[in-house]
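Starting from the structure of chain B, add chain F where the hints point.
Protein sequences, first through last, are from chains B and F.
0 is the number of the first residue of the first sequence in numbering that gives the first Met the number 0; add one for each residue after it.
0 is the number of the first residue of the second sequence in numbering that gives the first Met the number 0; add one for each residue after it.
Just so you know, the hints here were simulated from the structure itself, not pulled from any lab data.
Reference listing, derived: stretches of chain F covered by chain B, where coverage requires no fewer than 3 residues with Cβ under 8 Å from a Cβ of chain B: (1) 212-224; (2) 248-260.
Keeping only pairs whose Cα atoms sit at most 27 Å apart, straight-line, the calculated BS3-like set for lysine-lysine is: (3) K60/B - K135/F; (4) K8/F - K112/B; (5) K80/B - K154/B.
Pair by pair, the computed Cβ-Cβ distance ranges are: (6) H10/F - G197/B: 10 to 20 Å; (7) V79/F - G197/B: 50 to 60 Å; (8) F39/F - H240/B: 22 to 32 Å; (9) P48/F - G186/B: 52 to 62 Å; (10) L40/B - R187/F: 23 to 33 Å; (11) K213/B - N264/F: 23 to 33 Å.
Cβ coordinates follow ideal geometry from the N, Cα and C atoms, glycine included.
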Amino acid sequence: MNGETLVVAGPVAAAAVAPRRVSDATTEPAWVRRLLIGIALAFLAVFLFVPLVAVFVEALKKGVDVYLAAISEPDAVSAIKLTLLAAAISVPLNLVFGIAAAWSIAKFDFRGKNLLLTFIDLPFSVSPVIAGLIFVLVFGLQGWLGEWLRDHDLKIIFALPGIVIATIFITFPFIARELIPLMQAQGTEQEEAARVLGAGGWQIFRRITLPNVKWALLYGVILCNARAMGEFGAVSVVSGHIRGQTNTMPLHIEILYNEYQFAAAFAVASLLAGLALVTLVLKYFVERRVAATGSAAMGARR
Amino acid sequence: MLLSRALLKRHSVLPGFDLALGFTLLYLSFIVLVPLSAAFLKTFTMTWPAFWDAVTAPRVVASYRLTFGASFAAAFVNAVFGLVVCWVLVRYDFPARRFVDALVDLPFALPTAVAGIALTALYSGNGWIGQWLPFKVSFTPVGVWVALTFIGLPFVVRTLQPVLEDLLKEVEEAAAILGATRWQTFTRVILPILTPALLTGFALAFARALGEYGSVIFIAGNLPLISEITPLLIITKLEQFDVAGATAIAVVMLVAAFAMLLAINGLQAWTRSRQGR
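Isolated chain B, as found in the complex (with noise of 0.2 Å):
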């Protein structure tokens, strides 16, 4: 008197008998699944959903008038600038890259591949720390292009190209990863039957391949930029911390919290918080569109 006999007996008499039962045999009873979603909501309650909202509260606790001025007194006004236009540098190059990389290794076999995407991921691997460091190494007043870019007057850290270099770093496998496997699954036969019909490479690209990449470029796009903003490691390092100057958002939001200006900090960091939320919004709605445009193409090509 068990489902394991009713799935032998077929599935009308199943379904005719006890449909529930056949369901049985591969989920757990009520109470064991009524403890694993609670210990899983407990758990991200309080690592994740906790978190988020103190954010919010905690820089709405000494009232609106407080906040509104935590995020329009001068210096926060300038780090909120200058993270914008890091990311307004950094993102568009790395967009370009994502694009040429994506393009030769799904669209090519060549020799070298699989060292080729391991290269791509080591800043994934990197302590964001590191990643500054390395490039005090190369451009920093002891490093390798110190002396000259000191007797050319040209400042690389503790200024902007260097904040800009250190954040296309961080971010630079984002948009290279999001279109990777997409375009190797898709394969290389619509745009070989375009270039036979005639097409030229930018066309191909254009009408063909933008158009069946373009919500994973979409999603790729809205997390590097996402992650550009709020670097906070790396920018630490190059920065130089010269207030409403080169500190960004992040590192303004260190200084407060160090001088225990707590609600102002919370102020800025709400923004940024804000930031991820819309960023997971729009994954959500385009990971859907993925789902749907993803099996669309496979179904194609069936």
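This is chain F only, laid out in the frame that chain B set:
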């Protein structure tokens, strides 16, 4: 033209290989490979005893112990709870499941400094969570563990999820028909299939935790020999203009990171072979 002649295994009618790969290699070299090699070349300017002293000073060794220990503990907790979270998300239906699923990615999207100050406020003596705990969390090694657990949370869930989704119900039905209890099916059939992905997620969370800086420094309190992580020590050396000392420690951490990268690549290959792809 040179690149395609030297590297292409198969001729392709598609254009743009030389341009795309050429740009990729150039950009990769300038942004990643050349600067990273600077760290290794810098240590060659040090004598061996100086290098050894820099990377084995008591304060540095204490920071390795904390960084590796807390990272391991955080990755372990994430492996256990990540499995539960992933199982619940894939197998069960409950209110707000989609919301919870989306929330799992929060540590990927939330800047580390924001996470750092939020966790510190929560776990401090009069914080929402800290006031209910009988022991101190903020400004102790436990605080480091809390921050690293937050940072590594999505890795296990996201590496397990596709594998668990692809798991065929037929396998579990077969086990049940052959007389296995549900617990036996889980430990003898399901868990072995999930093991490579579970280890991959563990390794990814561990590797991420090793280098983490932003979320940890606020909650750690940064007491030398007690709650000081290795990345912070690199910054401290740098601020004392001890560039060589900072680089020596960085090279040790880089070697550990590359070892983890190799291990993860191997684990991912194992996961794919288990899935029969």
